[in-house]
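Undergrad: Listed here are the chains, written in short residue letters.
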Amino acid sequence: MELKSNAPTGPLATQWTNHQFAMKLVNPANKRKYKILVVGTGLAGGAGAASLADLGYHVEAFCYQDSPRRAHSIAAQGGINATKNYPGDGDSVYRLFYDTIKGGDFRSRESNTYRLAEVSANIIDQCVALGVPFAREYGGMLANRSFGGAQVSRTFYARGQTGQQLLLGVYASLSRTIAEGKVKMHNRVEMVDLIVVDGRARGIVTRDLVTGKIEAHLGDAVVLATGGYGNAFYLSTNAKGCNASAAWRAHRRGAGFANPCYTQIHPTCIPQAGEYQSKLTLMSESLRNDGRIWVPRKKEDATKSAASIPEKDRYYYLEEKYPAFGNLMPRDVASRQAKFACDEGLGVGPEIAGVRRGVYLDFADAIKRDGEDVIFDKYGNLFEMYERITGEDPMKVPMRIYPATHYTMGGLWVDYNLQSTIPGLLVAGEANFSDHGANRLGASALMQGLADGFFVLPYVMGHYLATAGKSKGVDESHPEVKAAVDGVRKRVQSFIDVGQKGKRTVDDFHRHLGALIWDHCGMARNAKGLKKAMEEIPTLYEEFKKDVKILGSGESLNRELERAMRVDDFFQLGQLMCRDALERDESCGCHFREEHQTHADPNVPGSYGGECVRDDEKFAHVAVWEWKGDGQAEVRHEEKLEFENVHLAQRKY
Amino acid sequence: MAETINLKLHVWRQNGPSDAGHFEDYSQYAKDISTHASFLECLDVVNERLVLDGKDPIMFDHDCREGICGMCGMVINGAPHGPQKATTTCQLHMRVFKDGEELWVEPWRATAFPVVKDLAVDRGALDRVVQAGGFITAKSGSAPNANDIPIPKWEADAAMDAAACIGCGACVAACPNGSASLFMGAKIGHLASLPQGQAERESRVLSMVAQHEHEGFGGCSNHYLCEAACPKEISVTWIARMNHELLRASATHDPSRGHHGGGHG
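Protein chains in written order, with this note's numbering: chain A, 1 to 653; chain B, 1 to 265.
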């Protein structure tokens with residue numbers, strides 16, 4: 001597997017401009033001869049499909065939902081970063097680039113990250129032109145706020161619904177291009193395999209989720225913009241339908257999978273309430289500004305009401321361990337400390353599988369200090385959301401929170417041109433690995449999706465097509481195409497055959513798989529736990545293949561079958577996540593190996609341990625995995641990361 | 001408050017658009033439901049029990065389960081999204097129901113929303129209304145600097161009020177005429193409120209309204225049930241705004257100027 005980043009040389013600031021000129025173009029009259037398949041219609045895929053269609057390419061787009069307006073980009077709350085420097089507080093392209101590289105703990109590629117920062121300002125222009133109602137100042141200018149540890153205010157927002165408004169802007173453009181006949185949209189259709197002919201991506205195999213029809217769609221290039229794989233954990237803040245199947249099936253066809261162990265945990269989510277729980281809901285981190293985090297000091301107090309536990313029996317673990325930062329410790333440390341407290345048996349809330357996974361976030365002192373009105377003004381909408389879900393009023397009893405998976409930085413490996421290791425397969429948005437390193441900063445996911453879709457794909461696609469030329473001689477009767485379609489039919493049939501006799505539901509398997517990955521490859525990892533998971537996941541997978549219960553047939557709407565196929569892929573990906581985490585024998589960003597952490601220095605007041613210790617000598621590289629076949633060990637490759645502009649430092653806040 | 005409840009659960013089952021459909025009693029599968037579960041999680045539990053019993057699970061649409069994607073929605077005891085105000089079905093929790101309560105669960109019912117299966121309907125008609133003109137034509141790379149056109153805060157806020165629509169279709173299900181006027185009015189109002197939306201202002205409303213009729217949605221006769229059912233509390237004043245826009249466009253629009261919409265109407 002060859003890993004050439006194809007990053008331009010020369011000064012960062014001129015790389016993208018020079019590269020745009022160096023890339024080949026497709027003549028306007030020739031563009032309509034090319035067909036591009038875009039899978040996934042969130043920010044990256046939707047913006048990409050509309051932009052490519054407007055350039056004149058013939059585009060077909062696919063989403064598993066009933067409409068492209070449902071994609072999970074819609075759920076992002078906080079905002080989108082851009083280097084407009086409207087507040088005049090010292091922001092610049094270089095500063096956003098640097099913050100992103102540092103935030104990613106020096107595990108991303110300089111050239112890609114710089115380009116992301118460079119095009120960020122164009123995104124805001126484009127979205128305003130599309131009618132996105134961003135928050136405004138009284139004078140009519142766009143408003144900004146600070147977000148995610150940045151020292152400048154560069155985040156644009158639309159109330160708490162920024163993702164929704166951006167996605168609806170993209171959806172509107174996509175709708176226009178559909179109406180104009182430039183894009184053919186396939187709703188409720190899922191990609192289940194990639195078609196590769198003579199080493200080039202030439203199409204996809206899909207399953208119609210309503211009729212069960214399996215068919216091939218052929219084109220000159222394929223774009224995957226299918227999001228992340230957070231649902232490998234079963235419980236996450238992702239939408240229920242989010243899955244890794246398109247990316248995983250492409251991986252099995254030869255696309256390298258980069259850094260699968262880089263998964264991000266959000267510290268303030270509403271804890272699981274019972275076995276039936278289907279997903280987790282995120283609460284804004286701003287709550288930590290006024291809430292105090294604690295658990296009972298004594299295990300026997302876990303079931304008592306919070307009010308009945310006297311002050312001396314409350315363990316404000318962040319304030320005690322980290323007096324300088326207290327409840328505002330960075331996301332990863334706050335998350336891990338909540339896990340440790342619960343592992344020790346000090347958690348609160350319902351007991352699930354023998355453990356109470358929840359810690360208090362208590363507003364009583366803030367209410368005493370500032371008054372009920374002030375606190376309710378600040379957090380009222382969040383308190384109401386919390387009460388709707390839990391039935392408890394945080395003005396009266398402490399909130400309960402627990403960390404949850406919400407973003408995956410790993411994904412299909414791409415070069416500077418967003419091209420995977422399969423020529424003609426381009427990957428955009430969360431589905432690729434490229435811009436966030438080992439940890440993504442707040443308000444940067446929306447930015448990357450739109451940067452890729454609006455401003456990168458239209459250029460790099462032309463370069464690929466002009467270089468590779470039109471796909472010739474590949475139609476439905478081509479042996480590779482027939483083999484791919486037959487392969488999917490057989491896979492579906494084998495699930496149906498097993499499912500007749502199976503005894504355990506798909507969700508039951510998924511819950512157990514998710515718990516294994518969460519316990520051993522979640523917020524904190526160690527070699528022993530990872531090895532244990534790597535033994536237990538294959539055992540569970542064998543049971544799944546023999547005992548999963550699926551009713552009905554493959555030729556009709558069949559939710560159990562759909563989910564079984566996705567969970568099948570999560571089983572394979574889950575094993576790779578653990579292996580990647582084991583082989584990356586360092587801590588970086590969200591990948592926290594307990595063996596590699598700082599320890600508090602008793603001679604330095606306010607010093608605390610529990611931070612990542614990187615090993616730049618051995619691990620300043622991207623780990624890229626190559627599929628070798630079922631039952632075969634994957635092969636690990638490395639793309640060395642060259643840092644010519646930033647100095648590798650310990651990530652401290 | 002009881003931690004678990006038993007329900008008398010009746011669910012509409014319909015195997016495709018041409019099937020007659022009927023209610024099925026699933027009370028025996030709806031026992032010991034946690035009051036902390038969401039309504040969709042309750043259906044998950046029922047479905048898992050149905051599957052283990054060898055029975056076809058209930059089809060319903062859902063995705064984000066945090067009240068923003070607009071994919072879920074069903075009529076519960078006659079109310080779209082159920083009894084709680086400003087709440088999507090996925091955010092409705094079982095503690096609002098009593099032990100032993102009888103629930104009748106149905107799909108959105110409207111001419112323009114054919115049933116896909118059971119509780120899932122085809123809302124493609126809403127997509128086509130948007131395709132007819134619910135956009136601003138601005139190709140990638142063609143945009144001016146975002147702050148070149150100041151937009152007063154109140155205007156941006158009003159546009160945001162309308163733009164909050166999640167496209168779930170509850171307004172259509174609530175309306176005795178099966179009208180999507182609230183959905184359409186919110187989009188027309190959102191774009192007409194902004195300076196960027198002026199170039200296509202007249203063609204947009206004419207084209208969208210024509211498409212709305214073509215899809216088989218009914219007209220608005222001011223029942224206001226749409227506003228009551230809307231999980232995002234979109235105001236019916238947006239329908240009035242749409243009517244204003246329609247009248248204005250009908251009086252002033254010169255069809256020879258054309259438009260980019262792809263309406264079929």
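Please keep in mind that the hints were generated in silico from the structure rather than gathered at the bench.
One or more of the hints may lead you astray.
Unchecked claim - Using 30 Å as the maximum straight-line C-alpha spacing, the simulated DSSO-like pairs for lysine-lysine come out as follows:
| id | chain 1 | residue 1 | chain 2 | residue 2 |
| --- | --- | --- | --- | --- |
| 1 | B | K55 | A | K503 |
| 2 | A | K4 | A | K24 |
| 3 | A | K184 | B | K98 |
| 4 | B | K55 | A | K31 |
| 5 | B | K139 | A | K33 |
| 6 | A | K299 | A | K184 |
| 7 | A | K213 | B | K139 |
| 8 | A | K470 | B | K55 |
| 9 | B | K55 | A | K490 |
| 10 | A | K184 | A | K33 |
| 11 | A | K35 | B | K232 |
Please read all numbers here as calculations on a predicted model, not as lab measurements.
Undergrad: Could you run down the list of hints and mark each one as holding or not?
TA: Cross-check of the supplied hints:
| no. | hint | verdict |
| --- | --- | --- |
| 1 | K55(B) to K503(A) | holds, 13 Å |
| 2 | K4(A) to K24(A) | holds, 19 Å |
| 3 | K184(A) to K98(B) | violated, 47 Å |
| 4 | K55(B) to K31(A) | violated, 51 Å |
| 5 | K139(B) to K33(A) | holds, 20 Å |
| 6 | K299(A) to K184(A) | violated, 59 Å |
| 7 | K213(A) to K139(B) | violated, 35 Å |
| 8 | K470(A) to K55(B) | violated, 49 Å |
| 9 | K55(B) to K490(A) | holds, 24 Å |
| 10 | K184(A) to K33(A) | holds, 15 Å |
| 11 | K35(A) to K232(B) | violated, 39 Å |
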